[in-house]
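**Student:** Each chain is listed here by its residues.
Number of protein chains: 2
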Amino acid sequence: MKIEIINIGDELLIGQVVNTNASWMAEQFNLAGFEVVQITAISDTYSHIFEALDLAKIRADAVVVTGGLGPTNDDVTKEALCKYFDTTLVFNEEVHVQVEALFKLRGFKVTEINRKQAELPANCIPLKNIHGTAAGMWFEQDDRIIVSIPGVPFEMKTLVSDEIIPRLLKKSNPGIILNKTILTQGIGESALAEIIQNWEESLPSHFKLAYLPQPGIVRLRLTTKGSDRPKLQNELDEQTRALQRLIPKLIFGYGEDTIEQIVVETLLQKQKTISVAESCTGGYISHLITSISGSSGCFMGSIVAYDNRIKEKMIGVSKETLIKYGAVSEEVVIEMASGVQSRFNTDYAIAVSGIAGPDGGTEDKPVGTTWIAITTPDKKVIAKKYLFGEHRGRNIRKAALTALNMIRKEL
Amino acid sequence: MKIEIINIGDELLIGQVVNTNASWMAEQFNLAGFEVVQITAISDTYSHIFEALDLAKIRADAVVVTGGLGPTNDDVTKEALCKYFDTTLVFNEEVHVQVEALFKLRGFKVTEINRKQAELPANCIPLKNIHGTAAGMWFEQDDRIIVSIPGVPFEMKTLVSDEIIPRLLKKSNPGIILNKTILTQGIGESALAEIIQNWEESLPSHFKLAYLPQPGIVRLRLTTKGSDRPKLQNELDEQTRALQRLIPKLIFGYGEDTIEQIVVETLLQKQKTISVAESCTGGYISHLITSISGSSGCFMGSIVAYDNRIKEKMIGVSKETLIKYGAVSEEVVIEMASGVQSRFNTDYAIAVSGIAGPDGGTEDKPVGTTWIAITTPDKKVIAKKYLFGEHRGRNIRKAALTALNMIRKEL
Chain A
1 MKIEIINIGD ELLIGQVVNT NASWMAEQFN LAGFEVVQIT AISDTYSHIF
51 EALDLAKIRA DAVVVTGGLG PTNDDVTKEA LCKYFDTTLV FNEEVHVQVE
101 ALFKLRGFKV TEINRKQAEL PANCIPLKNI HGTAAGMWFE QDDRIIVSIP
151 GVPFEMKTLV SDEIIPRLLK KSNPGIILNK TILTQGIGES ALAEIIQNWE
201 ESLPSHFKLA YLPQPGIVRL RLTTKGSDRP KLQNELDEQT RALQRLIPKL
251 IFGYGEDTIE QIVVETLLQK QKTISVAESC TGGYISHLIT SISGSSGCFM
301 GSIVAYDNRI KEKMIGVSKE TLIKYGAVSE EVVIEMASGV QSRFNTDYAI
351 AVSGIAGPDG GTEDKPVGTT WIAITTPDKK VIAKKYLFGE HRGRNIRKAA
401 LTALNMIRKE L
Chain B
1 MKIEIINIGD ELLIGQVVNT NASWMAEQFN LAGFEVVQIT AISDTYSHIF
51 EALDLAKIRA DAVVVTGGLG PTNDDVTKEA LCKYFDTTLV FNEEVHVQVE
101 ALFKLRGFKV TEINRKQAEL PANCIPLKNI HGTAAGMWFE QDDRIIVSIP
151 GVPFEMKTLV SDEIIPRLLK KSNPGIILNK TILTQGIGES ALAEIIQNWE
201 ESLPSHFKLA YLPQPGIVRL RLTTKGSDRP KLQNELDEQT RALQRLIPKL
251 IFGYGEDTIE QIVVETLLQK QKTISVAESC TGGYISHLIT SISGSSGCFM
301 GSIVAYDNRI KEKMIGVSKE TLIKYGAVSE EVVIEMASGV QSRFNTDYAI
351 AVSGIAGPDG GTEDKPVGTT WIAITTPDKK VIAKKYLFGE HRGRNIRKAA
401 LTALNMIRKE L
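Each protein sequence line maps, in turn, to chains A and B.
In terms of this note's numbering, the numbers along the first sequence are unbroken and rise by one, the last being 411.
In terms of this note's numbering, the numbers along the second sequence are unbroken and rise by one, the last being 411.
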């Protein structure tokens, strides 16, 4: 089945917003076995919406439209669709009840504008939007499917995953496509490609490998396509195991795993606790850990010791060590890890001190220099020095992921 | 002049790459006064390229095409353009000299493949690519301009800024388009729309208003178009001031401002310091502050007190208060703010305690319930209760932005 994605919104055409919705949707549709033939960003105008729909229906079997469903005047998608299908808006009681419930839960009053959100084109099947007030709308006409959903990313994502893809799969059988995403940390894309070159070249011809680099992480997506599911699954598992044997230390997880999630789950399972002393990462490691629900069962807390006086007073790093070795040093990061471990009385602890940049680098310690220490229940301390890049945001992310991966390896 | 952007590349259609090129180009063209009518991402195939060009020429005066100009087999744009214009490739000595020079500079050998990079369609004007081996190509036919450039971001950017925009400006005198983005915090899209309804309806007809909601923030983009720049700028400033008078407390900034950046800049300017005590936000407020370079000049550090014992031991919240009122209460959050302010010896402090979810809610304190307190240099404490939503990640973000905005208002 061929799919076209249409993203409606002037904000895309003036470049105010990067179209991350399109890439996320394209990835999900491809993973489900569909082909995305075009991604089209257009303006919030009736004529442009009509033209884009007409043309998309020639190229694709299904057209998924995002955006322009808000309650305000600049959002015209719903009215445009009514006109396109020559139908009228009808008040939908079920959607209205759901919008009311959502508003009550948030403590807001339902306004007249919100009541309008429950009016939908007569010919559509409403798709339940559990996160927002604009329902998805599913239309079928001339052997084509047209779906309209909000552009708010997490509303869009739930509607695509829970409603659109399952419904599309019922309409068409795209053949069997199996994917395995293998997650690596601690190596760059080109270095990884060299190490696994022989394995990659020996892959059967119906396999495809894609490198998907992100700051601090390289994802490998292995895709196989065919008609015999058990055989494909077997081959995929075998190739994954072969890769696992080749780079056991670099792989930290699969699919949608995150390092922070694996760390939290393992700690909970082992009934162990953790604390963090952060300098250059500035709270980001704690944020990653606490973004995982249930983390309160293992994460006691942390100290963000940005100023050296806080390193002394709140974590107990000695003034002498700070003066003698500097804040970005093996000695300081070890005292930070041991200090937070004993003060917070946790089984494990992480400490990071580095130069995130763009300022603060020296010849000896250029921007990106980062010391990370971890401690274990038997008070073992492991400290390592890393040299990340020049980009502040990426240095923070790389340092945090590297630190969490150090703990993961010890767990 | 109307422009269409066409991005060629299968990597866009499988969702492997986010189309940041398109948003950057759209912004540049808009700032130059052109209108981007559509952004189209298509596959690396002749037929799709032909179709997209034919359709774009109907919608736009100029079509700017990126991608598919690499030396490898999957890049077909140049050959497709030859066929489209019914012409042939001609070796271009000037481009070849430039490619050779670039390779020598990088210490690479010029290969046969790279020699091919100097072959260009006979009817094009080459645009010099100082950063790479694929020249830009400028075509004119049927009163339309078609430009093809590489998709490598920094090569694309230089070609757009130094070659394409100056040449387009020579061809047409675009009207003036001015934008102002107004940033609001603390109110939802619909509630905001109701408050500013009269102002919005009284906008002159050459003005356009767009609502751009993000978790915790609603951005308003005001656009005006015409020919008299000073007059337009005047009107835009006037309308912005009228809005500022209408919702002074809701506006925290303009354009690319972020709350954390404004807070850090104001603190630095006033030579004041800040510390944070975080429970449900789990380090995210500290992360936002420390994502701003230079924040070490005002941010001393923070305590992430996830466990109640840490609230007691490290911030000095009394056991009695915790037992009597619970961790998510006005009393506790006030003690947290005062505690971290005095222990970290800072001018300002922020404290947040809430139920981020998805678990931990009760009838009295449902998921999303959040207490925020801030303290000022004169030890004034302001505490407020908020009810955010059900989504953990969004609750964390909303609480953090709301807390930072409370401090911003006091600064």
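Derived by calculation from the structure, the hints in this document are not laboratory data.
Please note that the accuracy of each hint is not assured.
To be verified - Listing some non-contacts, in silico: residues in chain B with all C-beta distances to chain A over 12 Å:
| id | residue |
| --- | --- |
| 1 | Glu4 |
| 2 | Asn7 |
| 3 | Ala26 |
| 4 | Ala52 |
| 5 | Tyr84 |
| 6 | His96 |
| 7 | Glu155 |
| 8 | Glu189 |
| 9 | Pro213 |
| 10 | Glu256 |
| 11 | His287 |
| 12 | Gly297 |
| 13 | Ile315 |
| 14 | Tyr325 |
| 15 | Pro377 |
| 16 | Arg392 |
Stated by the list, open to error - In silico DSSO-like pairs for lysine-lysine, Cα to Cα no more than 30 Å straight-line:
| id | chain 1 | residue 1 | chain 2 | residue 2 |
| --- | --- | --- | --- | --- |
| 17 | A | Lys379 | B | Lys272 |
| 18 | B | Lys170 | A | Lys109 |
| 19 | A | Lys270 | B | Lys384 |
| 20 | B | Lys313 | A | Lys272 |
| 21 | B | Lys379 | A | Lys313 |
| 22 | B | Lys270 | B | Lys2 |
| 23 | A | Lys83 | B | Lys104 |
| 24 | A | Lys2 | B | Lys272 |
| 25 | A | Lys313 | B | Lys171 |
| 26 | B | Lys365 | A | Lys272 |
| 27 | B | Lys319 | A | Lys272 |
| 28 | A | Lys272 | A | Lys128 |
| 29 | B | Lys171 | B | Lys57 |
| 30 | A | Lys324 | A | Lys365 |
| 31 | B | Lys249 | A | Lys116 |
| 32 | A | Lys57 | B | Lys116 |
| 33 | A | Lys380 | B | Lys313 |
| 34 | B | Lys313 | A | Lys116 |
| 35 | B | Lys128 | A | Lys157 |
| 36 | B | Lys313 | A | Lys319 |
| 37 | A | Lys380 | A | Lys249 |
| 38 | B | Lys270 | A | Lys319 |
| 39 | B | Lys324 | A | Lys208 |
| 40 | A | Lys157 | B | Lys380 |
Computed from a predicted structure; not experimentally measured.
Cβ coordinates follow ideal geometry from the N, Cα and C atoms, glycine included.
**Student:** Flag every earlier hint the structure violates by its number, smallest first.
**Tutor:** Hints 1, 2, 3, 4, 8, 9, 10, 11, 12, 13, 16, 17, 18, 19, 22, 23, 24, 25, 28, 32, 34, 35, 39 and 40 not satisfied by this model.
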